[in-house]
Every structure is written in C-alpha cells, then in structure tokens.
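Asks: The residues making up each chain are set out below.
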Amino acid sequence: MMLSEESVKAIKERAGRYPHRKSAILPALTIACRQLGYVDETVYREISKIIRIPMVEVAEAATFYTMFPKAPRGKYLIQVCHNISCALLGADSLIGYLEQKLGITKGETTPDDLFTLISVECLGSCATAPMMQINEDYYENLTRQKVDDILQDLRSKA
Amino acid sequence: MFYSPVRTNASEAEKNEKLHLFKYVEDPQQKNVETFESRNGYSAWKKVLSSMSAEQVIEEVKSSGLRGRGGAGFPTGLKWSFVPKDSPKARYLCCNADESEPGTCKDRVIMERDPHAIIEGMAIASYAIGCHLMFIYIRGEFGECIRSMERAAQEARDRGHLGKNIYGSGYDLDIIVHSGGGAYICGEERALLNSLEGERGMSRIRPPFPAIEGLYACPTIVNNVESLATVPHIINRGASWYSSMGTEKSSGTKVFSLSGHVNNPGNYEVELGFSLKKLIFDPAYGGGMKDGKQLKGVIPGGASTPFLTPDMIDVNLDYESLASVGSMLGSGAVIVFNEDTCIVWTILKLIHFFRHESCGKCTPCREGTGWLEQVVRRIEMGQGEQGDIEKIEDVCGNIFGRTICPLGDAAVMPIQSAIKHWRDEWQYHIDHGSCKVKSEFSFQ
Amino acid sequence: MQGKVGVFVSIGIVMAEQVKKEQAVSGVPMVTATIDGREVTVPKGTTVLEAAREMGIHIPTFCWHPKLKSVGACRMCYVEIERMPKLQVSCATEVMEGMVIQTASEQVLQGRKAVIEFILLNHPLDCPTCDKGGECDLQNHTFAHAVDDSRYSFKKARYTDGTDGTTFDDKRLGPEIVLNRNRCILCYKCVRANKEAFGEYDLGVYERGNIAEINSAPGHEVDNPFSGNLVEICPVGALTNSDWRYKIRVWLTQTTSSICNMTSSGSNILFYKEKNHNKIYRVTSRMNDSIDDGWLPDVSRYGYQIATTEERLKTPLIKKDGKQVEATWDEAMTVIHNRFTEIAEKKGKVCLGGLASPYLDNDSLHSFNKLFRTVFKSNNIDFRSDYRMLPEGADSPYEMLVDQPFTIADIDDSDLIISFGSDLIREHPNEYLRMRKAYNFKRAKVVSINPYAVKSADIAELEVIHSIGRAETVLNGICLAAMEMGLVNNQDLTGKIAPATTAEAASDAGVTEDDLKEVARAISSAKKISFICGEMVSRSIARDTIASALWNLYLLFGFKDKGQMAILPRYANSRGAGSLGLLPSPSDGLRNTLSGLWGCFPESDPNNTDAMLALMRKEEISGFFIIGANPLMLYPDRQFVTDGLERLDFLVACDLFETDTTELADVVLPLSSWAEYDGDYVNLEGKVQHARQAIKPLYQSKPAYEIITMVAEKFGAPLFESIEACRKEVDELLSMTHSTKFPSQFLEVKPCYEDAEEEYPTPLLICDDPHHCGHRTEKSQSLSNFVSEAYIEMSPEKAEKLAVKDGESVRVESPVGKIVVPVRISDCIDNNVVLIPRNFASTQVTSLLMRKRRLDRVKITKVDE
Ligand SMILES: Cc1cc2nc3c(=O)[nH]c(=O)nc-3n(C[C@H](O)[C@H](O)[C@H](O)COP(=O)(O)O)c2cc1C
Ligand code: SF4
Ligand code: FES
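Chains A, B and C, in that order, are what the protein sequence lines are.
Going by the numbering used here, the first sequence opens with residue 57, and the numbers climb by one from there.
Going by the numbering used here, the second sequence opens with residue 20, and the numbers climb by one from there.
Going by the numbering used here, the third sequence opens with residue 7, and the numbers climb by one from there.
One should not assume that every hint holds.
Claimed, not checked - Stretch by stretch, here's where chain A covers chain B in the computed footprint (C-beta under 8 Å, at least three residues):
#1 58-71
#2 82-92
#3 161-175
#4 186-199
#5 251-265
Stated by the list, open to error - Restraint ranges, calculated between C-beta atoms of paired labels, are given here:
#6 B:162 - C:217: 49 to 55 Å
#7 C:415 - B:162: 20 to 26 Å
#8 B:400 - C:50: 26 to 32 Å
#9 C:255 - A:163: 42 to 48 Å
#10 B:400 - A:214: 48 to 54 Å
These are computed hints drawn from the structure, not numbers from a lab.
Please read these numbers as outputs of a predicted model, since none were measured by experiment.
Every residue, glycine too, gets a C-beta built ideally from N, C-alpha and C.
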C-alpha cells in the first residue's frame, strides 16, 4: 500500500459522507496527493479498492483535473498565476525572476528536489496580483523583496 | 489565521446601511459563530424555520429581485420555484464556490471572513426547495476557504444551526464541504454537478435542467456564494428593502472585483447601477490608473465578457446598462488595462486560458479554442498572415452559440469585441510582425 | 404520400421505442411538429433526430447511438428550429408541439460543415491506409458536405509511437483491438457503450480539452466479452480489430444476413465475404431490436472463425488398423451402411443410438430424428450432451419450465428483473445487456440470486448469495416470507415445503431473513417481472426440485399475470431440438404428430444421453452416430463417457474439426459450419430465424442435413423427396399449438442437501468462459486470443488461503479425477466456490465430475515447482 493508514481512514470517512460513494473520488485524490505529492496507477488502484469504484473512473477523474500531479515534484510546488490580472501586474516577469532565483526554467525542479516551478491559470487572487501558490498556501501582492523572503524562509524550514 | 490581504470597502459599510455583504469582513472575529450570532447571525434562519413556509421564502426572494451573482444573472427566487413540489426524490442545494473566472476574487473573501453568512443563506435556500443535504463546492486551490467553511460548518452543527430537528422545528439539514480538483469548467453548474458526483467535470446537455434532474439525478439548485450570502439579509430586512436598492431590474448590491492597472485593486460592494468610471477612478475605490498611465480598456464582468473602450466606461454597473453597450455584468470582475497593453497579447492570455479549460466534450469548443490559440499566438509572435483576422472571426462565429455550455461563448466574446474595438492594432501586428506596445509588465 | 406520417414503430431508437411501450400502457400524449415542411406526430419524448429518421430524413451524427443516452457532444446533428436563434442538436432536443424544424437549411449546413472542419483539423486523413475507409462516418459526412479544403495551416497534433515522431499511433488495447488516437474524434461512444451498455470498465477517457484521449484503463487490457462492439460503433478508424485490420477493403466484400450460432437468442449478424472468393472476413451486427439491440457479444462476433480455421476436417476419415485415414464420402457411406447393418443383425434388436448437437439447424435435427425413428426404429436419441442425469418425460416440472414462453424485448420494460442460478454474462449475454438497458433507462430493479457473486450483479439492488446446493431452499424461503408477511393470500403451500419458516429457510440457505423478505416484497410489488433462470438449474441433478420450487413461486405470486419466468436454453437451437421432438420420449402431442407425418413411430425403449452411455457399457448399444456433439468433453464424468464409447462396435462422429470424441470414431465425417448452408434455428423465445449461407461448404465438408439424408439413402430409405418436404414437416411441428403447461397446484418441495466430505471441501462449478461457448469456440483464433486455456477462478481470499498467486498452477482433485490448472483470481466470485471453464480440450475438467452428484467438490493444492 502506498497510502498510509491515516489516508485510508480519511478517505473512508469522506466516502461515508456522500449519498453516493463515487463522489469521494476527488476528496480521495486530494488526500492521496496531500500524503504523496502525486498520484499514479497504483494510487488509483488503491483508491478504487477503498471506495469500491472501478479504477478507470478514478484515473479518468484524476487526469481531468490539474491539481493532481502525476509524478513526484519538489517539496515545494510553486504555482505562479499567469492569467490576465496577474499578467498585467508582472506575472511574466515574476516567473522570470523565480527562474533566475531558483536556477531552473518553468516546469523544472531544483536539483535538491526542493522547488518545482510551474505557471497556472487564475487562482482567484486577482485583486492581490501578482501572486503564487506554494503547496496549499497563497502568497499575494508579491514584490521582489517578498519573493526573496519567502524562498529564504522555505529553504530554512526545509 | 491566514487571510487574503485583499482590499475591501468594509469601512464604508459602517456608514452606509445599505452595504450588508461586506459589513463585517474586516473584523477577524466575524468568522466565529459567537460573533456572527451576536450580530444578528442565524436570525433569518430561525425566522424562516419558525414562521415561514417554503413558498413564502421563495416569494420573498422573488420579489426582492435578487439575481444570480455567478454570472448569468438569473432571478434566484424564480430558479428555486422550478424544483418540482411533488417529486419523491431527494433535493439538493449546491453552493457554487468554484470562483475561477479570471478577475473574480469576491466569493473567496466571504468564505474566508464571513463563512456563516453563506451557511445561513444556504440553509434558507435549502428550506425553500426542501433539501436536507446541501453542498458547497469550493475550488480545490482555495485551501483557506475550505478550512474556513469546514470549521464554520462544524460550529454551525455544534450550535444547533444545522443537524437534526433544528431549533425544534423538525427540519433536518446538513452540509458537505466539497473541494474541487482544479478545473474552471466546474464552475459551470452542470459540470459542477458531474464533478460533485465524482465524474470528470464535463458539462451535460439540457434538458433535463438541474432543477428537475441534477445531482444524483435529483432536483438540484446551484447558486453562487454571493447570491446565497445575500439571502439572509433579504429575509431579515424584507424584499422591499432589497429591491429599493440598485436599479429597477438590477436590484440590490453586488461585489465587484477590481483588478489590473488601478491604484487600489480590491473588492468593492456597491449598489447595482454604480458608475464604472467612479469605481475605477474614485479614490474611495479604484483610485485611478496606476502610475498615471492612460486607460486603454476594461473587461467589465470577468474574462468571458466583451471589452469596453475608454469612451464606453461612462456606463452603470447593472445587467441592463452593460448589455446596452454590448457587454455583460458577468461575475462582476472588472479588469482594467492601460495603454501599454497589447490587445493581441491580452487575447492570447485569455484564449490560452479557455483552451486549457475547455472540458473537451463538444467539438466546436474543444477544437475551436485550440485553433484560435494557435492563430492568435502566431499573430502575437509576429508571424500573422493576411486573412488571419477574418479567419479568427469566422472560427469565433462557428463556436458562438454552438456549444453545450457557455464556455464556448465565453471564449469567443472577448475576442470578437477585441477585434471590433482594436482591429487596426491586430492588422498592425500582421502587417509589421510586431506591436506598437510591448506589454512588458514588471513587478516591484 | 403527403400529410401526417404516423410514427408508432420505431426501429433502432431507444426513446421512441420506450415511449411507445409506455404509451401502450399509460397513453403517453402525442405531439405534432413540422420537419422540412412535412407534419409528423410522435409520442412525447421523441427526439427531433428520431422523428426525422422515422420520416426517412437522415441527419448526420457522430456521437449519437440509438441504444445509448444522448450526450450532444459532437454537434453534427444540428437543426434549425423556428423561434430558436441558435442551432439545436437534434439528438438531444425533444419534439415539442408545433415545432417547425429545418434539417437542411443553409444555416444548418454551414454549422455542420464547420463541425467537420473542426474535426478534421487534427485528423490524419490517412484514409488510404485506414480500415474504416468506405464505411467511415467522417469520410461519408465530409463527402456529403463537400468539405474539400482546410483553412488550418498548422502542424497537426500527433500521437506517435514515441520514437521519431513520424510513425502513427498504433496502440494495442487488448487481444483484438488496436487504437489509433490520431483518428479518434472524441465522440466518446466507445467509453459510453462500454460503461453504460456493457457495464465494463476497461476503457476510459483521460486528460481534457483538445488533449483528451481514449485509452485502456491503466494497467489493463480491453478484453471484455463485448469489446468487439466498440470497434463496430467507432465512427472512424480509431478502433480496429485484428481480424479485419489490413486484410481487405470493405467495398471488395459482400454481405450475407444471418444469425449467430453461439447464443441461444440468436444474435442477428452480417457475414462479410470477399466477392468471388469463398472466404469470410468478419461479422458485424445486423441490429434487431427484438433480439440483440445491435450489440454482439464477442462469441457471436468472432465465432465465425470456427468455420475459417485451418484446423477444419477436410475429408471423411475411416479407421483402418487402428488409424484414421482419408477416404471418400462413398467409401465412408458404404462402411457406415455395412457396419450398422451388421450390428443390427448380430444383436437382433434395437442397438443403435444417436446424439445430435443443439447447434444444428431444424432440417438437420428433424432429418436425424426421422433417420433414427423410421430407419433405425430407435428411440435412443438425444441432443443434450452436457446435462447429467436428465429426468424423463416432457411433463417434469423442469421440462415445463424450460418450455415456458419468454420474450427478450419484454425485459426492457420489466420493472423487476431477477436472475436466478445463472451467471448471466457467460450464459445469456444478450439478455444481460437487456437487463442493463432496463436498469439504465427505466431504473428497473435488478435482483441476483446465485451461489456466488456473479459479475452481472453489479447493478443489482439486491444480491442474494446463498450456500451452494440450496437453491430450492431460497425459493421456499421467499414463498414463506411472502406468506408470513401477508403479501399473498394463498396459504395452500403450507406443509408442502420445508423448512416451515422463513427463519429456518434463511439459515439453511445461508442468507438473511431480510434478504428473503425483501425479494418477496420486490416480487409482490412489481408490475412486470422477468425471472431468468439459467445453467445452474439445468446442470443440477436437483433440477426438478428446484423447478418445483420455482413453480410454487410462480403460482403463489401470480406470475401468469405479471411476468415471465423461464429456464433459458443454452444453445443456438436447443429450443428447436426440443420442439422438433429430438428427445427419447417426446410429449404425446409431438409423438402423435410425428407418427402422423411418418406413418410410424418406434416402440422401443426411450433412452437419453445418460441411459445410452450406460447401455453402451453393457454393450446393449453397439452402434452410435454423433453429429456435431462432443460428449467426451462436455458430459459430466468423462470416464463414464469414455467407457461407453470405447465399448461400442462402431462409432460415427461428424464435426468441424477433430475432437476428443472424433478421435474414438471409426468413421469421421467433416461437417459444414452454419455459415456454409441455409438453415433455420429456433431461439430461446421460440422465434424461428433464418441463417443464410454465406460461403460454400469448405473442403469436402457437408451440411448435417446432407450427411443424414445420404445415410438414409444408403439404407435404401430416402427421408424426403426434397428439402422442401422436410421443411414442410418442420413447419408443421413448429406450428403445433403449443399449450404452455403449468402445474395446477403447488408442488411438494423437500430440499435434498448433499453434505460435504471433509477431504473435498471446495464446491466446483463448471461454466463457459465469457469469451467461449461449448467445445467449438477455442478453434476461433480471435476468441482464443482472449482466452486459450482453462483456469480455475477463485476469490482473493481463497487464493490467499491456498497461498497461490494469479497465474500459478494448482492441482484440483475430486474423488474420481484430477487436473492441474492455473489460478485466476477474481473479485467476481466468492462464497468458497470455484469455477473452471469447460471450453478447452487440453484441460479435461469433466474428469473431475460425478454424474450422480448434485455438487461437485474438490480439493485444491498448490503445485510446487
Ligand atoms: C464556464 C463557466 C464558469 C462558471 N464559473 C462559475 C463560478 O466560478 N462561480 C459561480 O458562481 N458561477 C459560475 N458560473 C455560472 C454557473 O453556471 C451558474 O450559472 C451559477 O452558479 C448559478 O448561480 P447564481 O444563479 O447564483 O448566479 C460559470 C458558468 C460558466 C459557463
Ligand atoms: S463548451 Fe467547452 S467546456 Fe462547455 S461542454 Fe463544450 S467542450 Fe465542454
Ligand atoms: S449526434 Fe447530436 S451532438 Fe452528436
């Protein structure tokens, strides 16, 4: 089993809430991603067993949504919004800045497996642009100084 | 506790009795149930359960003139009345908290800072349609909102606002906080229902309408966060109070998310009919253009609404006025851009988004958005060919009105208006292989 | 004809068809609309597309399928409707009163052209090498709409094999299916049909938007028993199957309407043969709403390869000095005549017997019957070679229930469907699909009552899994529950059945009392029931006891007025064989008709398969004629059969290829397959269907009818003046007013349990693999590509207990035999039961069985390498 006992328990608990078990697919994938950072065939199979839904349904859903990486990523997944409101306030140059600071290009992971940098669509933070999401947290109204501090902070925590 | 640092006009609400949605959103205590209760919270829910019939609730909301704040502006009370009275099936209410329309960040504030207002509104709506299990579908990226709503839901259960036999009325109601997985299309109500069922978030054909056959093939109502958060106030203060605000056909207040090249981006609750110009330029709101640049254009209702040019911004923010200038109120996301913004670049951002978010079910949207993105990209890269503009217009025409859900329309309307308003700029791009303005925006 | 076009009958159209039926009961209102200037009146609920089709107006589609729910995805079926500014998709728009619809206006044509343009953007246009060419919806619609140019100037998106980026995508999804994603137009029909119609989950759609793709379930093959349909419904060449791929262009073939020889419902099929050549290339469905709904199980689709296999017997063989050597038909006939005559003279009494296959057509079966009764004067004749210890007499409770009327299409609008003692997918795939359809479209309630968790129960609202060998107790329990709950008035049953209370019955049968009560409640509240019983009843020696219990249920709940109940026959012409009297002792009515037709009927003792085998062992039957059957492989207790056949003086066996049985024969005759001659077959409903000759008999083979009449002629007793004369007799027999029999009162049902011996703890059931049927299908290359050897199917728990993994071999021993087979672990089996398919000659599974046992029990041990 790749999923921990705790995850399995959480998934079962979620599945029990819904009138139909199938509704637990997204919550299950979310729980799996929280534990593993990504999902794959083995995880689909485990989820399908836990919530008793054909495995293909889990795989179909998992690949439809963007929040379930299909391969391991760095410890911190940096997602920069590149959509219009953020772009008007410099999202593209923010990405460039991060690339330069991290020494990688968009889509890559730092050699120490600490950071993965990607750009994503609007994250609903338009009036506090530019912004990025790192794992589950939002960082808004970004400036160069803030970005420096955030990276520093995460590095020191790692 | 972590909040979005987004600016609001909550302070204005202290002086302005009309503003109700944002009244307490700057108070960190507001999210706690005790504080919420002490400010008259859940009184509307109590009133409904103790003294109103479902029909009366629907009637009240109908006559308030409240229209859906999720984008389409459909009258809320009327929608509720479509749920069959005699269906033996369960009924469901889904609060649409998928907030993914670029430019929109209003529901998030309410979820983070005033979650009980949503739960109370959802409860009242549930009662109106006879629902005993309600859902709030929150976009998965909104970690803080999810936590906030989960916490509020538990508080509401603990305090007896939800659960079995609420306030001794015999009415049972519970809530499930459901998080999405990252897909704009799941804000579209039929895709949302599929997603909630554990399916891929693809839209469904209509009929059957969700009010007849929605979630788990049962009658279902989908309403936006803001629409539902408004409901308790209507119940408390009465339909006529609500309809006295705003304009005749667009009553009440609405939150506008202002973003882009303005000095004070933020969320502002204003009466419908408020001046767009004022919203952008008044120091109490947008505070004018950033860095003193010239205004080039405005997207008034979120990324899927047609653009306005500077000479059109003397318009009021209500459903009819915006329609009269060929645009839409949408979700109330006002995106402002200045003279340094290349229109082709802007459209490329948008069409890339819609291509990425197309669910892929219906042919025109799936294939058309991909094609459009390629042509627009080619023009933006300076490789545009003569005839590309006409080709884009034609492809847009083949998508518009021909898809299952409105995402197809949403994808092409901004393009159509951008070509209409700035055709020469497109042509310049093609003729010169480059642009007069560079859209190079750096951040501080 | 001008004016109103009344639309009541709706061929191939689910909605209209269902609405029509509903309307018959409840008077659904009709609506009138105008399509292309003509008025049409249809039942409310009919879609614009269906209504137009009724009028002969063809609206092009990609994603619509008459048997699936509309999804409105492809947008090809646009129509223009007055007062609606936008184009509407006709497949998902219901006809409303007064609608004025244009199906070919300028706007409509423009809209469709745009859709084709969109679809073609990334389509490879590799029609010259595409097997769908000539029958491709995309090709046809493009042609029809004269889309001859693309405005798309970008490089087409390509799936590649990964290497140089130029090769096209060719992904094997399963044993028979290849996927080319570049050609796929994302109509989702395959995935929808797979899940919705077949209940299979080995295919899916992944990613989204314009990078969405169809693919098999991660780590799985697409190998479900209905998978061939996916290829057939694919509107383009994205899915192709191995038997047809790169073999021939469709326009070089010619089709023959026929029916399938594998299922007892008789799926309607089309054979495709090369014009001017005697070779079949494939089979597709010939949609018949009353039988197959246009879906073919893979056995029906790929079963034709038993005819085209190289392994066919090519000439007659005669045993000389212990070896079978090639011979001419003349020589073979002479030997048969001489040896049979010799034996008869030597014994001086009736000592010849015959066994025919229920796969054979009416003419063959009838002539075989006539040969035996009139020429050999023998009542030693049967067609049932796989049911042990059958009871005698056409009036046994079992035989009466086999003979009950049953209508496949009535499953559609049953609100309760019960499958009892039947692994439906393996036995009656078409009826299984009907059940799903009723569940999908009508939310019919499905109940499964079986000794293990059959796969078809995935849609069951109630699944009752009882201890094996306790079927009658479950039925008694349901009756008791109904009486105890006061759901029925009649109490006459009390005292006739044991045990006496629901509680006891539940505990005896290993089920819960609630289960029994719930079934009783479901039956008593249903308006229309289809109660399907299958092989687990027929194969059991307790079949009469179980049938009696079924009859009690039938009478108690008044099924006569609210549904159908039958034990469904298993083979293509089982029902025909029974109706034609190919039994040792046919019913009195049949016997009278037959003797009227022939002027005689033998008086000798009637002996069925089991009795004949016993007589062979006593050397009282010394000459035997087998046509199409393979008792050695199918009859429970292989040793018993071997002993009998080896004791014979003379055995004639006819088959398509060498079998265990033909190996023992003194004369072997090559039989033609059903594709090689014209023949009629009676399906499980009693409906006579005609299978047309697709190709001429291969090699020197002959149709059974010809062989039988040749034998008769050799004996100087021609059976018929012509085949027409034979058909006239058959018609007369089949048109005999068939008064369905019911027991007039409740029957006594005392359960007969058989205790387990400690040494052999595991109940074994013999079944057909879902891709196979009987002894012939392993010769089909495609079908054996799915499964080509026997296995023992068991639950994960059982496997764990035995410490075996999937694919590892186990030794299976019974008191009479032992075999070694690989393990297949499956979630669809439990309750300690194990299954072994009987379709593979290499595993002699019948050697484990005992013919007088109700339950076969075995000991399973891991084989240590
Ligand atoms: C592509 C698309 C995205 C949408 N996204 C949202 C959304 O994020 N939030 C929302 O409330 N409504 C969204 N809607 C509108 C919903 O479909 C629906 O109309 C709304 O939730 C109804 O609620 P209301 O009547 O309260 O506005 C979207 C619609 C479309 C077509
Ligand atoms: S318009 Fe786009 S998003 Fe909506 S159903 Fe069609 S493909 Fe999906
Ligand atoms: S056939 Fe109607 S949309 Fe595909």
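Asks: Broken hints, numbered, in rising order?
Replies: 1, 2, 5, 6, 7, 8 and 10
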